[in-house]
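Participant: Sequence:
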Amino acid sequence: MTTDPHNGACHCGAIRFRVRLADGFNTIRRCTCSYCRMRGAIAVSARLEDFEIVEGKEHLTLYQFNTGTAKHYFCSVCGIYTHHQRRSDPSQFGINVACLAGVSPFDFQAVEVTDGVAHPNDTGRSRIAGILRFEPAD
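Numbering (full-length UniProt numbering), first residue to last: 1 to 138.
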């Protein structure tokens, strides 16, 4: 079941996209793998067919590492990560929630952090490494 579409863009607006999330914001997560740890984004899932680049496809840059299964996309103009094709489920994209119009990573008080160092495709099991919390100051 999909939800209403969300519009998204990189920081400079060179890349614009539209996406329907696979399960609303119920799939928000962070990851402990070396790349995600440095990137620091919160991602949410969407099926490949529910993601469309509306403008700026020529500005997308692809980065792959390790097994090369995951495909990480970012803007060649401003450098912002917009989405990636997931290693654990290549039929889905992980979408950077900070790129969605009207959404901030700070909208979520608690975000599960998956153990990407011991990736489920390598170990055969998925594990939650912890919870990332945000508590706004008064």
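It is worth saying that the hints were derived from the structure and are not from the lab.
Quick caveat, the model's predicted, so the values are computed rather than measured.
Hints should not be assumed to be uniformly reliable.
With a cut-off of at most 25 Å between alpha-carbon atoms, the simulated SDA-like pairs for lysine to any residue come out as follows [as the list claims (entries may be wrong)]: (1) Lys57 to Glu112; (2) Lys71 to Ala101; (3) Lys71 to Ala22; (4) Lys57 to Val111; (5) Lys57 to Ile128; (6) Lys57 to Gly79; (7) Lys71 to Gly13; (8) Lys71 to Glu135; (9) Lys71 to Glu49; (10) Lys71 to Asp138; (11) Lys57 to Tyr35; (12) Lys57 to Arg20; (13) Lys57 to Lys71; (14) Lys71 to Arg47; (15) Lys57 to Asp115; (16) Lys57 to His72; (17) Lys71 to Gly56; (18) Lys71 to Ser34; (19) Lys57 to Thr32; (20) Lys57 to Ser104; (21) Lys71 to Met38; (22) Lys71 to Asp50; (23) Lys57 to Arg18; (24) Lys71 to Ala137; (25) Lys57 to Cys78; (26) Lys71 to Ile128; (27) Lys71 to Ala129; (28) Lys71 to Gly40; (29) Lys71 to Pro90; (30) Lys57 to Ala129; (31) Lys71 to Gln92; (32) Lys71 to Pro136; (33) Lys57 to Arg86.
Simulated restraints, written as ranges between beta carbons of each label pair [to be verified]: (34) Ser126 to Tyr63: 32 to 40 Å; (35) Ile128 to Val54: 16 to 24 Å; (36) Thr61 to Ser34: 30 to 38 Å; (37) Asp89 to Asn7: 21 to 29 Å.
Glycine included, C-beta positions come from ideal geometry on N, C-alpha and C.
Participant: It remains to establish, for every hint, whether it holds in the given structure.
Facilitator: We went through each hint and held it up to the structure:
Between the alpha carbons of Lys57 and Glu112 the distance comes to roughly 31 Å, so the proposed pair goes past 25 Å and is violated. Pair hint Lys71 plus Ala101 holds up; C-alpha atoms about 23 Å apart against a cutoff of 25 Å. For the suggested pair Lys71 and Ala22, the alpha carbons sit about 19 Å apart, so the restraint of at most 25 Å is met. Note on Lys57 and Val111: the hinted pairing is violated, with a Cα-Cα distance of about 30 Å set against a maximum of 25 Å.
Distance restraint check for Lys57 and Ile128: the Cα-Cα separation of roughly 34 Å exceeds the 25 Å cut-off, and the hinted pair is therefore not satisfied. Distance restraint check for Lys57 and Gly79: the Cα-Cα separation of roughly 14 Å lies within the 25 Å cut-off, and the hinted pair is therefore satisfied. A threshold of 25 Å between alpha carbons decides the hint, and for Lys71 with Gly13 the separation of about 21 Å falls inside it, so the pair holds. This hinted pair does not check out: Lys71 and Glu135 have alpha carbons roughly 32 Å apart, beyond 25 Å.
Between the alpha carbons of Lys71 and Glu49 the distance comes to roughly 16 Å, so the proposed pair stays at or under 25 Å and holds. Restraint check: the Cα-Cα separation between Lys71 and Asp138 comes to about 39 Å, which exceeds 25 Å; the hinted pair is violated. Of the supplied pair hints, the one linking Lys57 and Tyr35 holds, its CA atoms being roughly 23 Å apart against a limit of 25 Å. Between Lys57 and Arg20 the CA atoms are separated by roughly 18 Å; this keeps the pair inside 25 Å, and the hint holds.
A threshold of 25 Å between alpha carbons decides the hint, and for Lys57 with Lys71 the separation of about 15 Å falls inside it, so the pair holds. Simply put, Lys71 and Arg47 have alpha-carbon atoms about 14 Å apart, close enough for the 25 Å limit, and the pair holds. A hinted pair counts as satisfied when its Cα atoms are at most 25 Å apart, and Lys57 with Asp115 does not qualify at roughly 31 Å. Note on Lys57 and His72: the hinted pairing holds, with a Cα-Cα distance of about 14 Å set against a maximum of 25 Å.
Among the hinted pairs, Lys71 with Gly56 is consistent with the structure: their alpha-carbon atoms are about 18 Å apart, no more than 25 Å. For the suggested pair Lys71 and Ser34, the alpha carbons sit about 14 Å apart, so the restraint of at most 25 Å is met. Between Lys57 and Thr32 the CA atoms are separated by roughly 28 Å; this puts the pair beyond 25 Å, and the hint is violated. Restraint check for Lys57 and Ser104: satisfied, since their Cα atoms lie roughly 24 Å apart, inside the 25 Å limit.
Proposed proximity of Lys71 and Met38 is supported: the alpha carbons are some 16 Å apart, at most 25 Å. A C-alpha spacing of about 17 Å is found between Lys71 and Asp50, which places the hinted pair at or below 25 Å, so the restraint holds. Distance restraint check for Lys57 and Arg18: the Cα-Cα separation of roughly 13 Å lies within the 25 Å cut-off, and the hinted pair is therefore satisfied. The straight-line distance between the Cα atoms of Lys71 and Ala137 is roughly 36 Å, outside the 25 Å bound, and the hint therefore fails.
The suggested pairing of Lys57 with Cys78 holds, with an alpha-carbon distance near 14 Å, which does not exceed 25 Å. This hinted pair checks out: Lys71 and Ile128 have alpha carbons roughly 22 Å apart, not beyond 25 Å. For the given pair, Lys71 sits about 23 Å from Ala129 by alpha-carbon distance, which is consistent with the 25 Å threshold. Distance restraint check for Lys71 and Gly40: the Cα-Cα separation of roughly 16 Å lies within the 25 Å cut-off, and the hinted pair is therefore satisfied.
In summary, the hint linking Lys71 to Pro90 is supported, as the alpha carbons are separated by about 9 Å, within the 25 Å threshold. Restraint check for Lys57 and Ala129: the C-alpha separation of about 34 Å exceeds 25 Å, so the hint is violated. For the proposed pair Lys71 and Gln92, the alpha carbon gap of about 11 Å is at most 25 Å, so the pair holds. For the hint pairing Lys71 with Pro136, the CA-to-CA distance comes to about 33 Å; that exceeds 25 Å, so the pair is violated.
Among the hinted pairs, Lys57 with Arg86 is consistent with the structure: their alpha-carbon atoms are about 19 Å apart, no more than 25 Å. Checked against the given bound of 32 to 40 Å, the beta carbons of Ser126 and Tyr63, roughly 24 Å apart, lie outside it. Checked against the given bound of 16 to 24 Å, the beta carbons of Ile128 and Val54, roughly 34 Å apart, lie outside it. Checking the proposed 30 to 38 Å range against Thr61 and Ser34 shows it is violated: the Cβ atoms sit about 19 Å from each other.
In this structure the hint that Asp89 and Asn7 lie 21 to 29 Å apart at CB holds, the actual value being about 24 Å.
When held up to the earlier numbered hints, the structure conflicts with 1, 4, 5, 8, 10, 15, 19, 24, 30, 32, 34, 35 and 36 and fits the remainder.
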